[in-house]
Amino acid sequence: DQQVKQNSPSLSVQEGRISILNCDYTNSMFDYFLWYKKYPAEGPTFLISISSIKDKNEDGRFTVFLNKSAKHLSLHIVPSQPGDSAVYFCAATPLADYKLSFGAGTTVTVRA
Amino acid sequence: EPEVTQTPSHQVTQMGQEVILRCVPISNHLYFYWYRQILGQKVEFLVSFYNNEISEKSEIFDDQFSVERPDGSNFTLKIRSTKLEDSAMYFCASSDGTGFQDGYTFGSGTRLTVV
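In order, the protein sequence lines correspond to chains A and B.
My numbering numbers the first residue of the first sequence as 1020 and each following residue consecutively.
My numbering numbers the first residue of the second sequence as 14 and each following residue consecutively.
Check before you lean on any hint, since a few could be wrong.
To spell it out: a stretch of chain A is covered by chain B in this simulated footprint if at least three of its residues, at any positions, have a beta carbon under 8 Å from a beta carbon of chain B; those stretches are [what the hints assert, rightly or not]:
hint : segment
1    : 1056-1065
2    : 1113-1124
Below, a sample of chain A positions facing chain B; criterion: calculated Cβ distance under 8 Å [said to hold, decoys possible]:
hint : residue
3    : Tyr-1051
4    : Leu-1053
5    : Ser-1068
6    : Phe-1108
Derived from the structure by calculation, the hints contain no laboratory data.
Glycine included, each C-beta is placed from N, C-alpha and C at the ideal position.
Construct all of the structure, not just a fragment, from the sequences and the given hints.
Here it is, written out as structure tokens:
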């Protein structure tokens, strides 16, 4: 299933700086896009979502941008904190079936 | 904050044995899901369950897999005859079905090791 792609397996960023995570998708039927954060030995934790009718959604330090024409979304974390070090998954779903398709994940390391 | 609870956290089983993975979804949620993540691979959808029946399933979810909501609180995944390639983290999730503003809630997972 290659419908959702995260092409950067890892990202290292200095504390206080911006982390930008990217995600591309191929299925034009996706209605909702979500970002999840995952620590080792835990389940994915929901961070933020965006509907396909919007191009931006913001929640505290997290902002998701959606470019439908490019089938691309990104997650911005500002400022990055050491506790943000985790694996971040992009996911997408058509509302018709509530089934999430996940990207492979990007491991973020925030350096002090 | 409400949680999805999964037990056991780790299960080791012999190839060919049956296993049952258990989940307690959030109490007012109506939609239930199983996902799995083989080590080093993507999180993959297995099955969704609503109104006491399967609503969607993936090609992974073959006849060896079944799900059940035996009572008002538990949601189980059964693998009848485990294979080595079933070794993975299995995640249960639930949602209230009102949309994705708050995403699904995932449990912490069960690590299944088939030997």
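Right, here's what the structure says about each hint:
1. 1056-1065: Held - the segment 1056-1065 of chain A has 6 residues with a Cβ nearer than 8 Å to chain B, which meets the minimum of three.
2. 1113-1124: holds (count 10)
3. Tyr-1051: holds (4 Å)
4. Leu-1053: Holds - the Cβ of Leu-1053/A comes within 8 Å of chain B, reaching about 5 Å at its closest.
5. Ser-1068: holds (5 Å)
6. Phe-1108: holds (6 Å)
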